[in-house]
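Protein chains: 2
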Amino acid sequence: MALTEGRLGIVAGSGTLPALLAEAEPDAMVVAFEGTELTLPEARVERHRVEKLGSLFKSLKAAGVSRVVMGGGWARPNINPLKADALMLRLAPRVMQAVKGGDDGILRLVISVFEEQGFSVVGAHEVLPALTAAPGLLAGPKPRAEAMSDIARARTILDALAPVDVGQGCVVADGLCLGIETLQGTDALLRFVGDTPARLRGQRKGVLVKRPKQGQDLRVDMPALGPRTVEAAASAGLEGIAIAAGQVLILDRAEVEAACTRHKLFLLAEQG
Amino acid sequence: MALTEGRLGIVAGSGTLPALLAEAEPDAMVVAFEGTELTLPEARVERHRVEKLGSLFKSLKAAGVSRVVMGGGWARPNINPLKADALMLRLAPRVMQAVKGGDDGILRLVISVFEEQGFSVVGAHEVLPALTAAPGLLAGPKPRAEAMSDIARARTILDALAPVDVGQGCVVADGLCLGIETLQGTDALLRFVGDTPARLRGQRKGVLVKRPKQGQDLRVDMPALGPRTVEAAASAGLEGIAIAAGQVLILDRAEVEAACTRHKLFLLAEQG
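Chains as they are written, first to last, in this note's numbering: chain A, 1 to 272; chain B, 273 to 544.
Looking at chain A on its own, in the form it has when it is part of the complex (with noise of 0.2 Å):
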């Protein structure tokens, strides 16, 4: 039985994210990969390499650490074999197995291997339900019918990607698909979709659709949006966003729907 009480340990990844978790448990332990860039005070953390898992474990277990969560962004890490530890040597096959899938096989097999060293792993938006949203239009005009279409589309878009493991968003304006999320996020996306010419693009706006894979593990993989996502999708010219209500984290929800009104752009979240 994996615990749900215990002290919190929060394995810190990029972004402001991390920040917020260990704002609302300030009991909680907070630990970090070497290299990864993080918002905390570094007396706040504390560094392990990744290649010494081992070492990690032992420092979770001997703080008391029963319950982790894991939060921000995660770019894939470049292992060095030679500083492996005996742990991490013995996991080497499954972490060379999961690498050649999507992003979500190297992240299912961390949740795994917290658990079968006795952790109980949890979302950020369990410690943090706060920052989802219920379903409705949480800021910004009302959808016209003609987005909501391009709504619908992204999703179905979405949902035949979901058994290959790609595409936590999409744009689509009138009808055309615009853009598809992959390894680089919503905001390189975005960029991508703003730069396309004219010619093709004609006076289309468009919709970002951001909602989790379906199946994807929410404890690991979870989709968030910040005021930095709608800055960027007003400035690729969208009129509006659809994320799945409960399922999608929203950091600085009263800047991300002040920009919303600021830009005329809807934010609506969707239920399932």
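Since the hints were derived computationally from the structure, they do not count as laboratory data. We put the CB at the ideal spot given by N, CA and C, even for glycine. Since no wrong hints were added, every one of them can be taken at face value.
Here are the simulated SDA-like pairs of lysine to any residue, each with C-alpha atoms no more than 20 Å apart in a straight line: (1) B/Lys477 / A/Ala75; (2) B/Lys324 / B/Val371; (3) B/Lys477 / A/Met96; (4) A/Lys264 / A/Glu146; (5) A/Lys205 / B/Gly457; (6) B/Lys477 / A/Gly185.
Pulled a few chain B residues facing chain A out of the computed Cβ check, cut under 10 Å: (7) Asn350; (8) Asp431; (9) Val443; (10) Gly447; (11) Cys449; (12) Leu450; (13) Gly451; (14) Asp467; (15) Pro469.
With chain A's structure known, arrange chain B on it following the hints.
Relative to chain A, chain B alone:
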């Protein structure tokens, strides 16, 4: 019964393909819509407004055209209803419907309309069969086993997208999807891939897979590859390109192969 013999009409899109078609069939009549940028001399071309399809068909018939080939790149036309002729007005509801769907929707409509007018529609690969490739390594070094895995993964991703009418190209590196082709085309996809930050991409190279969508009508929207695509793939740091044998037009093959050799980039044609 559609005629298989008779004078050819070339409906010219952008790029070099219309000129190759016109060279292969010197007797062909060449028509193009206003605004299309052609490499053919203007004297070789009869221009029509997209709103006046009736007069286009009348011209083709008066010139004895019975077979039509569409070749080159197509931007979605912006149609001015005030200029529409009687035929175009009758077609308007179907045009509006097709514009809502994917690219294939509008192109399928174009084929239907030509066929309803009594023309047979042939593919550029039928007029120029030598422009496609038989299976095998066309240029560059033999692909590594890892590159073959990446090709397989890219094909899986494109197959997943086929039912939603998106994607003629995909880039995968070490199992990671770095980009999926949308409206903007292959060169834009490759620029996007080349812009992937090093912290995400690491030392990964990657492959471009380019093939028609499953069920795509090659008569209208045949994928094409030219020297510029090879240069763009090299600039994006890829190690090779895989295309569908018999289903992708190779424009300027000698220069394509020379560019592959120069950049040590493989070009592989795959069955099916």
